[in-house]
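K.L.:
Turn these sequences into a full structure, and let the hints guide you.
Here the protein sequences line up with chains A and B, keeping their order.
Residue numbering for the first sequence is 0 to 125, as defined by numbering that gives the first Met the number 0.
Residue numbering for the second sequence is 0 to 336, as defined by numbering that gives the first Met the number 0.
Some clues are possibly wrong.
Claimed, not checked - Derived DSBU-like pairs: lysine-lysine, alpha-carbon spacing no greater than 35 Å straight-line:
1. B/Lys13 / A/Lys43
2. A/Lys3 / B/Lys95
3. B/Lys34 / B/Lys196
4. B/Lys201 / B/Lys78
5. A/Lys43 / B/Lys157
6. A/Lys44 / B/Lys95
7. B/Lys180 / A/Lys25
8. A/Lys25 / B/Lys177
9. B/Lys10 / A/Lys44
10. A/Lys25 / B/Lys10
11. A/Lys59 / B/Lys39
12. B/Lys10 / B/Lys130
13. B/Lys95 / A/Lys69
14. A/Lys43 / B/Lys95
15. B/Lys196 / B/Lys95
16. B/Lys95 / B/Lys201
17. B/Lys232 / B/Lys67
18. B/Lys201 / B/Lys34
19. B/Lys10 / A/Lys69
20. B/Lys13 / B/Lys23
21. B/Lys177 / B/Lys34
22. A/Lys44 / B/Lys13
23. A/Lys3 / B/Lys180
24. B/Lys23 / B/Lys253
25. A/Lys3 / B/Lys10
26. B/Lys39 / B/Lys67
27. A/Lys59 / B/Lys157
28. B/Lys180 / A/Lys59
29. B/Lys177 / B/Lys13
30. B/Lys157 / A/Lys44
31. A/Lys59 / B/Lys130
32. B/Lys253 / B/Lys95
33. B/Lys253 / B/Lys130
34. B/Lys180 / B/Lys67
35. A/Lys69 / B/Lys180
36. A/Lys69 / A/Lys3
37. B/Lys67 / B/Lys78
38. B/Lys23 / B/Lys180
39. B/Lys157 / A/Lys69
40. A/Lys43 / B/Lys10
Just so you know, these hints were derived from the structure itself, not from any lab.
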Amino acid sequence: MTGKYILVVDDDPDLVETVAMMLESKGCDVGMAYDGVEAEESIKKRRPDLIILDIMMPRKDGYVLCAELKTNPQTREIPIILLTAVGEAVPSTRYSHADGMATEADDYIPKPIDTESLWAAVTNLL
Amino acid sequence: MTDQTALGGFKILKPVARISVVSKGRTFPGALFRKVAEQKINLPYATLVSEGDSWGLNIVVEAADEEKICRVILENYGKIFTVAPRSAVLSLFPHKRNPEISARLFEAFEHQSLEPDALANSPSTLSVVLKQDMIDSASHALFEPFTFSAYQTPEDWKLAQVGKEKLYKEVVASYQEKRPKIYGLEVYEGQHLVQIKLNSTKITHVGASFRGFARLSMHLTFLATAPSHQEGKRILAFSLPASESEAYGRVIKKIAPQVDFHETPSVSIFSMNGPHFGDRYGIVSELMESLISRQVDLLALSCTIASITGVVPRHQVEPTLEAIQESFEVPSVTRRE
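P.N.:
Structure representation (structure tokens):
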């Protein structure tokens with residue numbers, strides 16, 4: 000996995016840091032963005048090998064960004080793991096796990112995430 | 000300015016109130032946080048630092064909870080607190096544990112004559128508590144030493160904030176876990192806890208020391224301020240590698256020879272990040288109760304953004320981890336030197 004460039008997008012900077020540290024410890028190169036618009040800019044500058052994308056973010060949420068990336072011929076091949084807002088812990092939200100699974104993302108991890116499961120999903124897609 | 004550091008962004012939380020508390024008693028902070036949790040008061044920011052047999056705490060609550068928390072403290076402990084209403088929390092990220100980021104922030108604030116009332120860091124973010132009327136100057140000041148890819152000017156930043164508050168309240172209000180889950184639990188061993196007592200010295204003046212720490216490539220794993228039991232004084236507490244104690248001691252004495260600093264050797268830092276830990280009531284209380292049950296002597300703690308970072312004596316790190324694993328769902332523990 001050494002040298003693979005992964006973009007982590009979440010509006011919780013502590014979560015981005017946790018995930019980034021985990022990925023860096025596995026030899027990945029990590030980019031960070033804190034909302035959908037910033038992620039879009041980051042992708043234009045450097046194409047990631049994989050994107051870990053939160054859905055519930057300001058400015059442009061993960062649903063919209065995921066749909067845009069998957070309909071753009073230049074980006075649709077980039078694997079996306081969507082971090083969905085949970086079923087059990089957060090039962091009533093428009094960002095539910097079921098809604099997340101209705102997108103074209105390549106994998107879906109419900110929050111609160113388990114970094115081990117996230118890493119398994121990353122290795123499965125790369 | 001050409002020598003700017005690229006960062007991810009910053010957030011501002013307002014209106015909030017800062018409550019500063021000083022009291023004695025080993026179990027005092029745990030008991031206080033339990034009473035706060037019983038009233039379902041969210042804690043977007045909380046720090047505590049032990050000073051001999053007393054505790055200094057800075058607690059920030061949303062303005063709507065100001066009256067409620069003051070009543071809780073008053074009814075249970077008397078008038079042991081001061082209140083700074085109309086405050087705000089500015090959080091800058093990511094600092095990558097690099098003291099240079101703190102130093103640059105302090106310098107930028109000093110140029111604008113802005114003095115933080117309190118500060119603390121989480122694993123990613125440096126949070127400063129300011130008076131609300133300083134926030135415009137403070138957010139402008141950030142654009143002097145830092146650049147942000149998502150916004151080039153303070154005006155861009157303001158536009159980017161639309162809808163954020165509503166979004167986070169929607170989720171924070173709805174967490175219903177039986178056992179809170181942690182995304183990551185990290186432990187830093189081989190640290191010293193340094194406490195500097197600030198008299199009339201401003202935090203921003205001491206900031207120059209942080210540039211010295213950065214030049215020596217030291218990582219800052221814990222940073223928090225708290226009120227001292229000595230009236231009018233504050234404590235700036237931070238942790239640095241034990242192996243560098245001589246070097247950082249020289250830096251502090253050179254830059255701020257007049258400051259009174261105290262070291263607690265051989266401490267460990269734990270840092271737990273979980274969903275909205277900095278915004279949900281009861282999380283700090285849960286942790287404090289679990290540490291008390293294992294007789295862990297907590298030395299300092301901060302709860303900001305989505306993390307809680309604590310300082311414990313090195314020989315108590317195992318009971319600390321056991322306590323956390325008993326009360327929280329912990330997928331893995333990462334140990335770092």
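K.L.:
Does each hint fit the structure? Answer for all of them.
P.N.:
Okay, the hints, checked on the actual structure:
Distance hint between B/Lys13 and A/Lys43 is fulfilled; the C-alpha atoms sit about 34 Å from each other, no more than 35 Å. Between the alpha carbons of A/Lys3 and B/Lys95 the distance comes to roughly 21 Å, so the proposed pair stays at or under 35 Å and holds. Distance check on the hinted pair: B/Lys34 and B/Lys196 sit about 29 Å apart at the alpha-carbon level, within 35 Å; holds. Restraint check: the Cα-Cα separation between B/Lys201 and B/Lys78 comes to about 26 Å, which is no more than 35 Å; the hinted pair holds.
Restraint check: the Cα-Cα separation between A/Lys43 and B/Lys157 comes to about 24 Å, which is no more than 35 Å; the hinted pair holds. Straight-line distance between C-alpha atoms of A/Lys44 and B/Lys95 comes to about 22 Å, which keeps the hinted pair within the 35 Å bound. About 23 Å separates the Cα atoms of B/Lys180 and A/Lys25, which keeps this hinted pair within 35 Å; it holds. At most 35 Å may separate the alpha-carbon atoms for a hinted pair to count; A/Lys25 and B/Lys177 meet this at roughly 32 Å.
Using a Cα cut-off of 35 Å, the hinted pair B/Lys10 and A/Lys44 holds, with the two alpha carbons roughly 24 Å apart. Note on A/Lys25 and B/Lys10: the hinted pairing holds, with a Cα-Cα distance of about 30 Å set against a maximum of 35 Å. Distance check on the hinted pair: A/Lys59 and B/Lys39 sit about 31 Å apart at the alpha-carbon level, within 35 Å; holds. Note on B/Lys10 and B/Lys130: the hinted pairing holds, with a Cα-Cα distance of about 15 Å set against a maximum of 35 Å.
Distance hint between B/Lys95 and A/Lys69 is fulfilled; the C-alpha atoms sit about 32 Å from each other, no more than 35 Å. Only pairs whose Cα atoms come within 35 Å are accepted, and A/Lys43 paired with B/Lys95 is accepted, the gap being roughly 24 Å. The straight-line distance between the Cα atoms of B/Lys196 and B/Lys95 is roughly 26 Å, inside the 35 Å bound, and the hint therefore holds. Of the pairs offered as hints, the one joining B/Lys95 and B/Lys201 holds, with about 24 Å between alpha carbons and a cut-off of 35 Å not exceeded.
At most 35 Å may separate the alpha-carbon atoms for a hinted pair to count; B/Lys232 and B/Lys67 meet this at roughly 26 Å. This hinted pair checks out: B/Lys201 and B/Lys34 have alpha carbons roughly 33 Å apart, not beyond 35 Å. With a C-alpha separation of about 30 Å, the suggested pairing of B/Lys10 with A/Lys69 holds against the 35 Å cut-off. The suggested pairing of B/Lys13 with B/Lys23 holds, with an alpha-carbon distance near 30 Å, which does not exceed 35 Å.
For the proposed pair B/Lys177 and B/Lys34, the alpha carbon gap of about 20 Å is at most 35 Å, so the pair holds. For the hint pairing A/Lys44 with B/Lys13, the CA-to-CA distance comes to about 34 Å; that is within 35 Å, so the pair holds. Proposed proximity of A/Lys3 and B/Lys180 is supported: the alpha carbons are some 29 Å apart, at most 35 Å. Under the criterion of a C-alpha separation no larger than 35 Å, the hint pairing B/Lys23 with B/Lys253 is consistent with the structure, at around 34 Å.
Taking the CA atoms of A/Lys3 and B/Lys10, the gap is near 30 Å; set against the 35 Å cutoff, the hint holds. Between B/Lys39 and B/Lys67 the CA atoms are separated by roughly 10 Å; this keeps the pair inside 35 Å, and the hint holds. With a C-alpha separation of about 15 Å, the suggested pair A/Lys59 and B/Lys157 falls inside the 35 Å cut-off, and the hint holds. At roughly 27 Å between alpha-carbon atoms, B/Lys180 and A/Lys59 fall within 35 Å of each other, so this suggested pair holds.
This hinted pair checks out: B/Lys177 and B/Lys13 have alpha carbons roughly 30 Å apart, not beyond 35 Å. Straight-line distance between C-alpha atoms of B/Lys157 and A/Lys44 comes to about 24 Å, which keeps the hinted pair within the 35 Å bound. With a C-alpha separation of about 31 Å, the suggested pair A/Lys59 and B/Lys130 falls inside the 35 Å cut-off, and the hint holds. Between the alpha carbons of B/Lys253 and B/Lys95 the distance comes to roughly 25 Å, so the proposed pair stays at or under 35 Å and holds.
Distance hint between B/Lys253 and B/Lys130 is fulfilled; the C-alpha atoms sit about 31 Å from each other, no more than 35 Å. At roughly 28 Å between alpha-carbon atoms, B/Lys180 and B/Lys67 fall within 35 Å of each other, so this suggested pair holds. Distance hint between A/Lys69 and B/Lys180 is fulfilled; the C-alpha atoms sit about 31 Å from each other, no more than 35 Å. Distance restraint check for A/Lys69 and A/Lys3: the Cα-Cα separation of roughly 20 Å lies within the 35 Å cut-off, and the hinted pair is therefore satisfied.
At most 35 Å may separate the alpha-carbon atoms for a hinted pair to count; B/Lys67 and B/Lys78 meet this at roughly 14 Å. Of the pairs offered as hints, the one joining B/Lys23 and B/Lys180 holds, with about 32 Å between alpha carbons and a cut-off of 35 Å not exceeded. For the given pair, B/Lys157 sits about 30 Å from A/Lys69 by alpha-carbon distance, which is consistent with the 35 Å threshold. The hinted pair formed by A/Lys43 and B/Lys10 meets the criterion: a straight-line CA distance of about 25 Å does not exceed 35 Å.
Checked against the numbered hints above, the structure breaks none of them.
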